[in-house]
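**Q** In order, the protein sequence lines correspond to chains A and B.
Each residue of the first sequence is one higher than the one before, starting from 1 at the first, in the UniProt record's numbering.
Each residue of the second sequence is one higher than the one before, starting from 1 at the first, in the UniProt record's numbering.
No lab work stands behind these hints, which were simulated from the structure alone.
Remember, predicted model here, so these are calculated numbers, not experimental data.
Just so you know, not all the hints are guaranteed correct.
No farther apart than 27 Å at their CA atoms in a straight line, the calculated lysine-lysine pairs in the DSSO-like style are these [unchecked claim]: (1) B:Lys-154 <-> B:Lys-69; (2) B:Lys-74 <-> B:Lys-297; (3) A:Lys-128 <-> B:Lys-271; (4) A:Lys-128 <-> B:Lys-183.
Each chain, written out:
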Amino acid sequence: MEILCAPAGLSAWEYPGQGVLDIAGSAFEQAMLDIALLFPVKEFRRNGAEENWLAGRWQAAETFLSKFQQKKLGLPLAYAPHFGYRAADWPSLAVYQDFAERSLRFCQVAGSRYLVLRPFMAEMPTDKLIEVNREFYQGLIPLAREAQVVILLENQARSINGHLVRGRFTSAEETVDFIDGLNAFAGEERFGFCLHMGASGACGLNVYDLLHALSGRLKAVILCDSDATGDRELLPFTGASKGACETDWLNLIRSLREISFDGLLVLDMRDTAAAFPPLLRPKLMEMAQAVLQYILWQIEMEKTVASYPKRVLFGAGRMCRNYMSNYGKEYPPLFTCDNNSRLWGSSVAGLVVHDPKDLLSLPPDCAIFICNIYYREIEAQLRDMGVKNPIEFFNDECLSSLYAGTLLGEGA
Amino acid sequence: MLEIGVQTKEAVSDENPQAGFEMLREAGFACVDFSLNGYLLNTDIYENRLNRFFDASIAELESFFAPHKAGAQKAGIRIHQMHMPYPIYVPSGTREVNEYLWQKMAPKSMELCAYLGCHYIVIHGFKLARELGREDLEWAQTEKFIHYLAPMAKEMGITLCVENLYTSLGGHMVEGPCCNARKAAERIERINEQYGAEVLGFCFDTGHANLVGLDMEEFITTLGPGLKVLHIHDNDGITDLHQVPYTFARTRENTSSTDWAGFLRGLRNIKYRGVLNFETAPVLTAFPREMHLETLKFIARIGAYWSKEIVQ
Chain A
1 MEILCAPAGL
11 SAWEYPGQGV
21 LDIAGSAFEQ
31 AMLDIALLFP
41 VKEFRRNGAE
51 ENWLAGRWQA
61 AETFLSKFQQ
71 KKLGLPLAYA
81 PHFGYRAADW
91 PSLAVYQDFA
101 ERSLRFCQVA
111 GSRYLVLRPF
121 MAEMPTDKLI
131 EVNREFYQGL
141 IPLAREAQVV
151 ILLENQARSI
161 NGHLVRGRFT
171 SAEETVDFID
181 GLNAFAGEER
191 FGFCLHMGAS
201 GACGLNVYDL
211 LHALSGRLKA
221 VILCDSDATG
231 DRELLPFTGA
241 SKGACETDWL
251 NLIRSLREIS
261 FDGLLVLDMR
271 DTAAAFPPLL
281 RPKLMEMAQA
291 VLQYILWQIE
301 MEKTVASYPK
311 RVLFGAGRMC
321 RNYMSNYGKE
331 YPPLFTCDNN
341 SRLWGSSVAG
351 LVVHDPKDLL
361 SLPPDCAIFI
371 CNIYYREIEA
381 QLRDMGVKNP
391 IEFFNDECLS
401 SLYAGTLLGE
411 GA
Chain B
1 MLEIGVQTKE
11 AVSDENPQAG
21 FEMLREAGFA
31 CVDFSLNGYL
41 LNTDIYENRL
51 NRFFDASIAE
61 LESFFAPHKA
71 GAQKAGIRIH
81 QMHMPYPIYV
91 PSGTREVNEY
101 LWQKMAPKSM
111 ELCAYLGCHY
121 IVIHGFKLAR
131 ELGREDLEWA
141 QTEKFIHYLA
151 PMAKEMGITL
161 CVENLYTSLG
171 GHMVEGPCCN
181 ARKAAERIER
191 INEQYGAEVL
201 GFCFDTGHAN
211 LVGLDMEEFI
221 TTLGPGLKVL
231 HIHDNDGITD
241 LHQVPYTFAR
251 TRENTSSTDW
261 AGFLRGLRNI
271 KYRGVLNFET
281 APVLTAFPRE
291 MHLETLKFIA
301 RIGAYWSKEI
311 VQ
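Chain B with its partners taken away, still in its complex shape:
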């Protein structure tokens, strides 16, 4: 049986984190994806608005998150992965913003990851391919960021995980960073060899894959052991909606328009034994608060069903 996880956003509050973790435990989750990105929003970063959350010292930040850590422990929930705030670089951003992201937000996120006993932190690569002209030039910038954090990651026993992203042209989502599995696998292997540790891994995001039409089975199979964590969620293939799997259809037959069968085949092919982590916070925004527990139970049931399908 694989462990089932879900993101903390919308489920765990700063006021009473333990209650949120207990609800997740009751729903059937063993792990969480700690939404650190909720403390410095991407929408604010893109508009050069920094809330200075990461100006606090490490001691202050640890103190802020101490109830979260204790709450998770008491509820029997393991903080398996977390999401670093993103983006890590804004091409049109001010120097102040970009330096803040690099010099304050990123290293402090690593410190908090270690403090919470979490071993995987998901980062977004630079989105610069259109400007620089080539994906490999874009990756070179992301790799600088990885090398900047890698010594810290090695020392702390943390794996930085890059995820497949999209970018938009008008209202159309097209491939963004890390949408080539073969390149990703080679890069992960090379960088880990360089550091003699698993400092880099991959986070496969099913929703982003669906938006840009990646072949999930091939992608996951090609990644192989480089795949460390998952962001599981569904959408209509047009907008990044982060909904419950099997939600969307495109034809009157009403069969799922997301390739969940291919996703499971891929995980079976590589004998994935990590956490089935759902990145479905918007589901909780959509459902009334009174239904949150039942909604979370349903998501966890999907995870349990998949677990059997993968391990069979």
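Bound-form chain A, shown alone:
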């Protein structure tokens, strides 16, 4: 999986240098080429008809690109200009087509292999709008092929006088049919999908069904927290109220894990970054990197378990039982162990509980998965004991099934 940082909130189009420097100064090696930053909706509504304004912004886009290139940041994904969630803000199809074509050419220059291109929006009956978009995307195939760019469709929200509701590509059936139809027309995989958590979260969408239906068509995921108030993009886990995160990370992570997602993970924290004082942004970037690594670790949990030929667990409690109920059959551990000597020799979820000292005689290709939230303390204990085997942290917060109780109904 590749991880990227989106520049929104960090870089302004007029002075892109510092934001790009902040991205490059953190552990990010790749960024999203956000062409939309150059064409804010409000400014476009005022100036969009002026050729000089447009030419100036495309020129600025090249400067923006050069800043990324100077810092040797990879740009595998670009995001085309769009006009927000309100149909009334959108220009004519011809104008949007021009933006799309210029963006594709820009991708070719930047070396971006994917371009997120939102569907055209207008006040017209749904069926007609879908047909207009089908023709719009089909018309871009020759240029996308020439530029060697895969066009990514994205789940949309639409504004009902300021309140966001679900727009196109939020239902599994519609989205899969649309993408498959375009690829069949193109005769190759020229289209894929990008999930935007900012648009899905605001509409309360559970992405599980959508992502499972998309499976390999999903090429990128833009990560952010959002809430019901609208178009908000926050550093993951910071959008909280009533003592809990307001974004459905559970269903995102469990579905990406289940479909073995291996595409682009893009961090977009536009509003958090913009709100942070510039002097603190380098620290924010460190935190952002850690958050992204955590999400990556969660998504790749099963992959990590599978990467070892042998494994044992540490911990004989709930997390151990959850490991066994979700992964026990496919990736059976040799045994588990626990510091509680009263448990030694007993059995938990079919595993014999051992004394931790037994870990000293493990074969070298066997990993120890800590199934207890006191990860760091236990890891230190094992290293102090002289354990040389790989130590991994297991976590049960985003498993496919979290239900441990018995369901009513059968006996009723």
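Here the structure of chain A is known, so what remains is to put chain B in place on it, guided by the hints.
**A** What follows is chain B alone, placed relative to chain A:
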């Protein structure tokens, strides 16, 4: 002209139900949504507190509701739909609570529905998708409940109606059970075919749809004939407020932030001829008692306006 309905909660009292029904008739309503859920509150169920209302025998319960039935008849009001107490299952609840809901509350609610001459009863599906991992596993549990009640529903001529729900993450409402219209339509068709009767239908809740950003026109159009009853109310898109339609705005233009136009287009698309039922009891909590009649008249006027828009 479609019939206009409203829920009985806050309008009809146990002490003098006829007076409440007469007020509703005067306000312009022809039907009511009988708030049976008011007799076993969801807040109590979630806290494992049962008031044992449904411990009473059917005869006792019928006797309790006899004045309501007579009052509605005298006022010329038809009890068109009712709401079964909810939830029907509490994942963290005690076995006693869950068995009570299943074995006592639910079948007795069906009996009362039949007694009141009501043909639609709204139920809430199980909220288990996060725990079980998949919506279809959650639905499987709800379907067990439906199959449990379906023979009774068929015999009594009652349609169980599942409604689109939300669940909360912190303070953010996200989709809950029955938020996929295509799945709902397929399930309704399959189950009704199995029983050879309309034992299952859908209750579209505009407020819940607004909270989780459902496209109302698409949702209703996809449901088609499976849509049997409505819960109409408005909110700010953030909290389930059950207010009067057209109340909320998000921008300085002050245009409604709920897609009422899409809602009406959906009902027009499917040629909806059922009752326009308002689930707006909290409006009566907000307004002074002296203004209840006028407030209810205003709600009924919205219904009358919509009726023309839908039937045109």
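**Q** Against this structure, judge whether each hint is valid.
**A** Tested hints:
no. : hint                    : in the structure
1   : B:Lys-154 <-> B:Lys-69  : holds (22 Å)
2   : B:Lys-74 <-> B:Lys-297  : holds (20 Å)
3   : A:Lys-128 <-> B:Lys-271 : holds (21 Å)
4   : A:Lys-128 <-> B:Lys-183 : holds (24 Å)
Going through the hint list in order, the structure satisfies each hint without exception.
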